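In the order they appear, the protein sequences are chains L and E.
Numbering that gives the first Met the number 0 applies: residue 0 is where the first sequence begins, and numbers increase by one.
Numbering that gives the first Met the number 0 applies: residue 0 is where the second sequence begins, and numbers increase by one.
If you're looking for bench data, these hints aren't it; they were derived computationally from the structure.
Some hints here could point you the wrong way.
Copies of the same chain are indistinguishable here, so a pair counts whether it falls within one copy or spans any two.
[Claimed, not checked] Pairs of lysine-lysine residues, derived as DSS-like cross-links and limited to a Cα-Cα distance of at most 30 Å, are as follows:
#	residue 1	residue 2
1	Lys327	Lys30
2	Lys85	Lys241
3	Lys103	Lys182
4	Lys432	Lys175
5	Lys75	Lys132
6	Lys27	Lys327
7	Lys325	Lys297
8	Lys85	Lys128
All values derive from a computational prediction rather than experimental measurement.
There are 2 protein chains.
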Amino acid sequence: MNIVLLSGGSGKRLWPLSNDIRSKQFIKFFKTENSEYESMVQRVYRQIKMVDTDANVIIATSKTQVSAIHNQLGEKVGISVEPCRKDTFPAIALATAYLHDVRKIGLEESVVICPVDPYVENDYFEALKDLGKQAEKGEANLVLMGIEPTYPSEKYGYIIPATKNQTSIVDTFKEKPDEETAKSYIARGALWNGGVFAYKLKYVMDKAHELIDFTDYADLFDKYETLEKISFDYAVVEREPKIQVMRFAGDWKDLGTWNTLTEAMDEPTIGEAVLDDACNNVNVVNELNVPIVCMGMKNVIVSASPEGILVSDREQSSYIKPIVDKIKQQIMFAEKSWGSFHVIDVDETSLTIKVTLNPGHRMNYHSHQRRDEIWNVISGEGTVIVDGMEQPVKAGDVITMQAGCRHTISAVTELKLIEVQLGDEISVHDKQKFVLNV
Amino acid sequence: MNIVLLSGGSGKRLWPLSNDIRSKQFIKFFKTENSEYESMVQRVYRQIKMVDTDANVIIATSKTQVSAIHNQLGEKVGISVEPCRKDTFPAIALATAYLHDVRKIGLEESVVICPVDPYVENDYFEALKDLGKQAEKGEANLVLMGIEPTYPSEKYGYIIPATKNQTSIVDTFKEKPDEETAKSYIARGALWNGGVFAYKLKYVMDKAHELIDFTDYADLFDKYETLEKISFDYAVVEREPKIQVMRFAGDWKDLGTWNTLTEAMDEPTIGEAVLDDACNNVNVVNELNVPIVCMGMKNVIVSASPEGILVSDREQSSYIKPIVDKIKQQIMFAEKSWGSFHVIDVDETSLTIKVTLNPGHRMNYHSHQRRDEIWNVISGEGTVIVDGMEQPVKAGDVITMQAGCRHTISAVTELKLIEVQLGDEISVHDKQKFVLNV
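The following block holds chain L by itself, in its conformation from the complex (with noise of 0.2 Å):
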């Protein structure tokens, strides 16, 4: 199987565990067999692989989700990265293309297109496989998964079947209804649109290249920033006739509130929490190593990450956009392709930073102009490049660097340290890279 898994962008939908820059599908949320927490990205791929040991993984997003891509599914995984946003048609187009050049992939083939985010068991991508063959087979030029719906949703947009076949000819596409619209759908046998389906490679080839003006996967992805940003069911889906549709019954969740996250969770809490036994249906989801204690609290959501405190109730918590959007706050965790950093401190002319790096990994090489910068190694071995002279580190080595001096660290093995900023003007921006020749 081919499968192509949209990342989404990032969001606030789950602040505090996402923000501007942490994506929900790389918050680790879910427990596995052996007690750890994995990602929706973790999951889905893990899930994928269990289904088809051989299936060719490729994730389209944004250059911003590479380092936690790669930190958490490793360095393998195929990644076709869009230089900006430009909506689905040319980001599917650039990742079809990047299976057909980069991968080499047939043009006979079937690619699935899937969100990276579906909260599903594995027979779930086991339909997906079945979606991919049916493609191969070449009676329509795309197959759609239609999910069976189990409530009338106002949330998505439907699929009216031609027939109750477990694969049929689609007859209408229905945008987003009413409620009320959504039962009358239901009864007339409409399935959900989960924005997944595959075709033959050749088809979205052929449609990239009437629409756009490129010769291959490097070409079409220099020239991306100038691309129309167009979606794929309008560039494509409106206008094909010849669609069928593959029915799924099995679990299927949408996990992009604070309420439908949470009803997945195995457990009520996540993290150091105590609930008194007033509470009733309470989640807590706490990223810090303090306790969260919960008392008399009935349908209500708690989270606290280094980014901050949610308290909601339950339903409420779906309108939590508008309200974080207001928020003026500096990042305090972030995920980079060396590891990972936590602010630990804000202080006028200081900043403090926990910095973990992977083994193997290094920063790059870089200097600011107006901070100083301390680094207290506090456990794991690594080198440190301070303007070109190296030198080994261990825990309890402390290296000072003034503003002006070009510094990098890389870890042997996994690698702490606290690092101390000071200056009058501290900024994420105050950096330049430079290239280190070693």
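Starting from the known structure of chain L, arrange chain E on it as the hints suggest.
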């Protein structure tokens, strides 16, 4: 006026703001006219000084609170330090002896005893002055304040006066009643017993000598640990026939629980907080530097500090003690004689702490056997002494100290540092103090 403020022990009823080492009376909770926050201790001390500039204020407390009292009230305030906790009779005897022998207060002068944490207006302290004056008249050996009840509380003891006059002989005392009994007391003109009373210094000195074999303050202090634990009520009040009560009808609140404390807040929130329009009767007290967002919450108290996060139904919050007593946790924040510290990162083999030294103060000269330390000075100026070697330090300086090395730091201006502790067995008990000869 000579006034002894009884500063009670620590407790977790206001967790996460109060804990085993941080008592509620030191939490900066009340907004002053210049929009700063003051603690209960600061508020009461300021009110006393407004009513009586020359008031002789003594705080009777344990040695664990001395640092916090000096930090909050300055070095000049009188403190009668109890070497250990021995209930109210020994504490009042010790404070009275302190007034007599150290402060040279005459035997005929009156002393007013008052808890350190009533939430009251200035008229209350005017009433305390009257209480003292009444005691000096010598009509009775004890003059109690009787607070006009506002409801049939089960939380307080009751005083039943013989007459309805402003000042009356006490007829009887009643223990904390149930609500129905409280109603019948109130119908008989009963008053709440707020634990406030005045006496002539000689009276309590005589009682003390009757019950304890001691010569003077220094002697009483030295043998304090051998004294019997006994309450002032049991030792004195219950055996004294000549007791008067003076009515007080002004505002009086006992802010011992989250419920009562938040009722006294001038604004619904302290610290960074965002409440949506669907919130009602919500109080937030946030000591962290990240926002708390509340959505659709009703009758809820939220508080966050370096120790943890509380989310509680307003009524339910009074049951907090047994729940937080179970939480075993490192102290994350403390006021010390020299300033304060705040744990900002905990890792397996390291602990990172932000230390603030007040101007003119220094730490004890000390060493650790099982950990190295690194000081990163982030602001201010001062002097470090490491193994007897003295050197000035300023922002940007780094001092590394191996286990066993003796060290201290003193602040010229307010001095802040990030202290990184490194070792396999980091413990607050791993500390040897030394006399500094410089």
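Checked hints:
1. Lys327 to Lys30: between (32 Å within a copy, 25 Å between copies)
2. Lys85 to Lys241: For Lys85 and Lys241, only the intra-copy Cα distance (26 Å) is at most 30 Å; the inter-copy one is 89 Å.
3. Lys103 to Lys182: neither (45 Å within a copy, 88 Å between copies)
4. Lys432 to Lys175: neither (47 Å within a copy, 72 Å between copies)
5. Lys75 to Lys132: within (25 Å within a copy, 86 Å between copies)
6. Lys27 to Lys327: both (25 Å within a copy, 26 Å between copies)
7. Lys325 to Lys297: For Lys325 and Lys297, the Cα distance is within 30 Å both inside one copy (27 Å) and across copies (22 Å).
8. Lys85 to Lys128: Within one copy only: 28 Å inside a chain, 76 Å across chains, cut-off 30 Å.
Comparing the model with each numbered hint stated earlier shows that hints 3, 4 do not hold.
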